[in-house]
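K.L.:
Residues per chain, in single letters:
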Amino acid sequence: MLETQTPSFRRAVVALNGGRSDARITRIACELARANRAELVAVHVVEVSWSQPLDADIAGHSDEAQRVLDSAEEIAEESKVIIEPVLLQARDAGPALVDEALERDADLLILGLPYRKKFGGEFVIGRTIPYVLKNAPCAVWVVREPIPEGAS
Amino acid sequence: MTGGGRRPLQGRKLGDKRVRVERPHAAYFRWSGEGRLTAKATVGKPTTATGRVLARVKTALIGTALSTDAEMGERLSKRKALAIFSSDAISSSAYATEEILRVLILGGAAALVLGLQVSILIAVLLITVAISYRQICIAYPTGGGSYSVSQRNFGRGASLIAASALLIDYVLTVAVSTSSAVEQITSAAPMLYDVRVEIGVAAIALITVANLRGIREAGNIFAVPTYLFIVSALLMIGVGVVRIVFLGEGQSYPAQIGEQAGETLQNVGLLLLVRAFAAGAVALTGTEAIATGVPAFKRPEAKNAATTLAVMAALLGVLFIGITFLAVNFGITHIDLPEKQTVISQVARRVYGDGSIPFFLFQAFTATLLFLAANTSFNAFPRLLAILAHDGFMPRQFALRGDRLAFSYGIVALAAVAASLIVAFGGETHLLIPLYAVGVFIDFTISQSGMIRHWRRERPAGWRRRLAINAFGAILTGIVAVVVTAAKAPASLLVLILIPLLVLLMSSIRRQYDGQAEELKVRDDMVFTGPHREQRVVIPVNGINRAVIQAVNFARPLAKDVRAVYVTEDPEDGDRLRERWERQLPDISLVIVESPYRAVISPVIAYLDVLDQAWPEGREAPITIVVLPEYVARHWWDRVLYNQTAKRLQAALVGREHTVIADVPYRRDH
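Residue numbers (our numbering), protein chains in the order written: chain A, 1 to 152; chain B, 1 to 670.
With the rest of the complex left out, here is chain B (with noise of 0.2 angstroms):
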């Protein structure tokens, strides 16, 4: 610790006397142990007005820094985390029995009846999945989700393959969500329909900006909307089922319905109903967001995942299956002409009654939460990219967290993907949806699979009944993968052309961090006592002034052999600077380099060449400083003016061998 200046100060009475002493390190740092300093807020504080300015609009959008210490108060209580990590999923059960009733609609009246049915196998697969990711949050704590699990259980392939398809889905889920939730908005208002795309980046700005906030905040902004979303439609499942059961107010498909389908009809055959299966599961999407993220929670963090998740996924099967039950038997399904109806919006108006407040408020909260959904992928897809980064499969900046303790990189490089997606497909969803939901059935399959080795290896009490929950999981999800990619091929096989180009990448990534880590390594029993290779120093020079000769007192201490070199293209002025400088710097030798053709970096690197060629064969190469005298600047503006010679040299001497570069700048206040 360094002493600061004490100053002498007189009491009220003659013998009182005190010292007070400045703590210069006070303002920046803060003692934490021997030869230990914390930085305090104030060392990222700009200095600059223009720096001053940009931080108060960063304050203003994101809200003040917060320390690292304050990690613990920014995870997710239980009832946040079901907010945040289950728009997604919970999501899914307002579109979910539209797609199975889409598909058997094919199959006529009778097997719209069916949809209960196959509404109840897709629980069965959820629960089987949310068992499953339930086992992994306890296993691997650390988050990853199927990630880890396959790293753990299958090795880097698998996990690469699992974590591109993750990568994949989370990117479409923005994608896919926003633009639908734009739809909805352009189908209430159709004058916004041009302005579509604008509106559809905008909302990702939006969540962007929320989720950049920081976890708790944007748990505290998106938990409302989710929890109406479930209260209103857990009343309607319940005043719907009570009118069906005990006041009959059911009624059954009429014959002909099926003449809607627009296709042939079908005969209610295997095939049919395993492509319903499959439209109906993509309900099972963002089950495994919270896998991925079980550091985000408070702690015990496995425990609280495990029964977050446990919670969503009965949430998401009552809801599923609820609605389910009264489309078929209220006989509804969705009506696209005159104009579209949703199967849930005929729900909730056959139950709150058309027109009435509940059925609006009710349509409305449906509205949010799907616009919401894509905030789970704000927070799995960021520390997804943490975690590979971590591992060193992506760049190392999506690892570090930003000021609010989020994954800022991640949520940024989510939200700039997502976006160009939505400008790119021109906002339009029906593009964007035969790509979605393959990835993550390739990851169910994935980590179900892993853990089918997990409990193999560990062999824990009752192994035996969890691998055959993890097996079942696997063959169906796997079952799925396959339909749902069938079904949406030719679109869909571009997800299998991206989930390797993904893989190559991080591999490529962690292959060149590897390579580095590798030239870079130093024995750790190795003591480094000091340079043993010799240095001298090139100082290109411009003439004799302030800045040089502050170069040159600064190149003195660093090497016996200093000399300056000057280019020019007139001789005699050449000679004039080289009178001058034996005068007033005449222990520095000065290399004069004519250059008739007027190149002023050229002559300086063959120069530096020329210098190495020289080197006696034999002795190892010295380290060549070359020291560039650099004027500062007062203003931004006059920045243009000065040292455009030195930053060209600069970067001609960029990665150069054994080459050194050292800016040294001259202040005019010095």
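So that you can see chain A by itself, here it is in the shape it has in the complex (with noise of 0.2 angstroms):
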């Protein structure tokens, strides 16, 4: 049977990667929360090299990686929605993401896609959302922008 309606969820995590598609995922989750009564994790994940510790102080001094969750933060408050921000460190951001979501018990995981493409014209998705679409156990929703004017 077709489910028409929109699905719901209980808890969901939110991906943020700084770039022009988090503030769209958020909103779009915050409405989704609202009318679920669902909860929210914003996750921000600050990729380290491996010349690094894992555990270096990098985030915590990083005004942009406290922008991106506040940005989030700042949305959800206008929508009337509680958000959980969390700031993460990790060589590699997909197995972050999915991790996070197993602990806390997330029923879905949604992420951006920017609309992108590599010289030569092929269209890129990078290797954070295939990771999670492979190994996520939740509900994955991947938002893609709209195709700029003039990009396709």
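Hints in this document: simulated from the structure, not taken from any laboratory.
Wrong hints could be hidden among the right ones.
To be verified - With a Cα cut of at most 27 angstroms, we get these calculated DSS-like pairs of lysine-lysine:
id, chain 1, residue 1, chain 2, residue 2
1, B, LYS13, A, LYS134
2, A, LYS134, A, LYS117
3, B, LYS78, B, LYS298
4, B, LYS58, B, LYS40
5, B, LYS40, A, LYS80
6, A, LYS80, B, LYS45
7, B, LYS45, B, LYS58
8, B, LYS78, B, LYS303
9, B, LYS40, B, LYS298
10, B, LYS17, A, LYS134
11, B, LYS298, A, LYS80
12, A, LYS118, A, LYS134
13, A, LYS80, B, LYS58
All figures in this text were calculated on a predicted structure; none of them were measured in a lab.
Mind docking these for me? Both chains are given alone in their own frames, and the hints should help you get the complex.
P.N.:
Following this line, the structure appears as structure tokens:
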């Protein structure tokens, strides 16, 4: 039987990468969370290169990392939804997101995907989304931004 | 941004590790730019149980706090603004006709029929004033109405007169309209007469709470009764006009009607007409409120305010002329005996039918609207106070917005003054009425005269026509101001005394602020690298204990000269402390002050004086930091047991030259 209603969820992890799709997916997540009375966790992963220890003091001092999470919180406040911001450091964003979603018993993971092309015209999806799609035990939504005018 | 703690976490797979980074600022602040944090609502959350209970009560009464960003959302649409700002003006239509007829009846039936002409003349004045204020809305979109106009065109003196006149009138509007609404209630239920003052104060408290909830919500609360009155009154006029004009149901005044006037009949002279005109002109009060509150409107503020003002004036004009037309053509005037019947209630009875449901509904709507007339003042008064506070003529708190973005201090101040008036006058409206409407016509005259100057200076297209309108308005409102003041004398003269007093008060507040600004001013081309004055520390101690040690440790880096002072009445006690002090705090000098007269505070002050006097002449006086060790009581009820001497000392030191007081609190959990 076809499901025609908006899918519901209890707790969703919203993966924020600091890009322009963050605001879009946060808004969508907030609207749906309000309707479902669901909990939201905004996760931003700062990838640490192998040249530094994983627990190096990087993200805590990064204005950019704070901006990403605080902006999401601001959107949530406007929508009258509570979002828990989580800042992570990891070698790779994909496993960190999946593990965080697992630990928090999330039943949905939402990611944004900007429309980008490689030199030569091939659409780029990156490595985080395929990893999450392959490994996350919960439902995964990937929200791709509209194709910018003239890009297609 | 300060980095928080980091907690390593193991993922599902062995190689998948991640570190969760704590964000200590996140609970209270939001990052809003390089080196800039924005405080969240949680910052103001109370930490004590009592505070939480009080906060809950406050939230229940006035709602949750709104952020400044929500200000645009709190702005008023034209529809809501009409209800908020016009209830005063529109409600005047309920009694303005009666005010005219009460004067004209002195001239008998022949004079009463002139009521319509008088009301038309007042409508012309209304149109003139409304046009003038529309122009003010557009020319002075920051609000403030006549205060802003006169400030720009006449200077400080006139603008403060205008502001004072308006402030007085707003307070009186609240007091008068509330008392008269209570009178309506007590005439319906005479057993409530003894508690009329309490009812009046409670009514003001209700309007206050509604306004503290924010202007938009107040709009929601007050819009319905205003529109119900407007619709039912327009319907009444429509039906009445049809019955008079088309069905010929009108009737004229009986010739002997003048006998009920209770005064000697007068000829229908110019003086009587002028008095009737002045009495009816009360209808214009409240017209200026929109120009005061332009910034409360949605964008484009000036245009929306001007449109709302035009609609309000049109409605008021139609209602006023309409009701007067019906009264005159139905041969209705007020009845005081055997029981009081207002003109509007008789008109409604005639049109809707005595005892009919529409009649009772209309009466209920009218009473509610009269009650809500106070609400216009609750919006205009705090805004005017905020503008005055912004310009330094009123305490700065009045410019602050409360949790719901309303000017809470102004709202509460208005409520307090108006409620005091009701209590002082025992809720008797007629004692307050002579003071009412005097200020507003002084204000109209000043603002229109100001606009004359405005046009002469700006000279835009069509300025001559606009100037002529304002000049005509200024003359008419000036006449009304004189007539209203003379007719209501001697009580009205109180307003003429109050205005200069308020002007004086505001000028002295401004002088105070100017003096303070001058005192604190620093040149903006100076670079301040560090302190150049010497510092010394004096620590009054009561012995050696943890609080004293903490205070001494706090004081050490502040100055080279750190000394403790111990005041005692027992020399042996002093010796014992000195022995211990030299052993435990050898690097801090201790001065023992023996006090055979058992004084504690004055010896410390005297010691500080001596230190000052001993300072070499010619060297700049040092800053003396008095460090007070303070024990923080765990509960509010045992606070009385501690620090009483420190508090007295603090009070004695406040304002002392070159002296800084530093409290060093010691908490038990340290």
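K.L.:
Against this structure, judge whether each hint is valid.
P.N.:
Here's how the hints hold up against the structure:
Among the hinted pairs, LYS13 of chain B with LYS134 of chain A is consistent with the structure: their alpha-carbon atoms are about 14 angstroms apart, no more than 27 angstroms. At roughly 22 angstroms between alpha-carbon atoms, LYS134 of chain A and LYS117 of chain A fall within 27 angstroms of each other, so this suggested pair holds. Between the alpha carbons of LYS78 of chain B and LYS298 of chain B the distance comes to roughly 8 angstroms, so the proposed pair stays at or under 27 angstroms and holds. For the suggested pair LYS58 of chain B and LYS40 of chain B, the alpha carbons sit about 19 angstroms apart, so the restraint of at most 27 angstroms is met.
With a C-alpha separation of about 14 angstroms, the suggested pairing of LYS40 of chain B with LYS80 of chain A holds against the 27 angstroms cut-off. Between the alpha carbons of LYS80 of chain A and LYS45 of chain B the distance comes to roughly 18 angstroms, so the proposed pair stays at or under 27 angstroms and holds. At most 27 angstroms may separate the alpha-carbon atoms for a hinted pair to count; LYS45 of chain B and LYS58 of chain B meet this at roughly 12 angstroms. With a C-alpha separation of about 10 angstroms, the suggested pairing of LYS78 of chain B with LYS303 of chain B holds against the 27 angstroms cut-off.
A C-alpha spacing of about 26 angstroms is found between LYS40 of chain B and LYS298 of chain B, which places the hinted pair at or below 27 angstroms, so the restraint holds. Among the hinted pairs, LYS17 of chain B with LYS134 of chain A is consistent with the structure: their alpha-carbon atoms are about 18 angstroms apart, no more than 27 angstroms. Only pairs whose Cα atoms come within 27 angstroms are accepted, and LYS298 of chain B paired with LYS80 of chain A is accepted, the gap being roughly 23 angstroms. For a cut-off of 27 angstroms, the pair hint linking LYS118 of chain A to LYS134 of chain A stands: about 23 angstroms separates their Cα positions.
With a C-alpha separation of about 20 angstroms, the suggested pair LYS80 of chain A and LYS58 of chain B falls inside the 27 angstroms cut-off, and the hint holds.
Comparing the model with each earlier hint shows no violations; every hint is respected.
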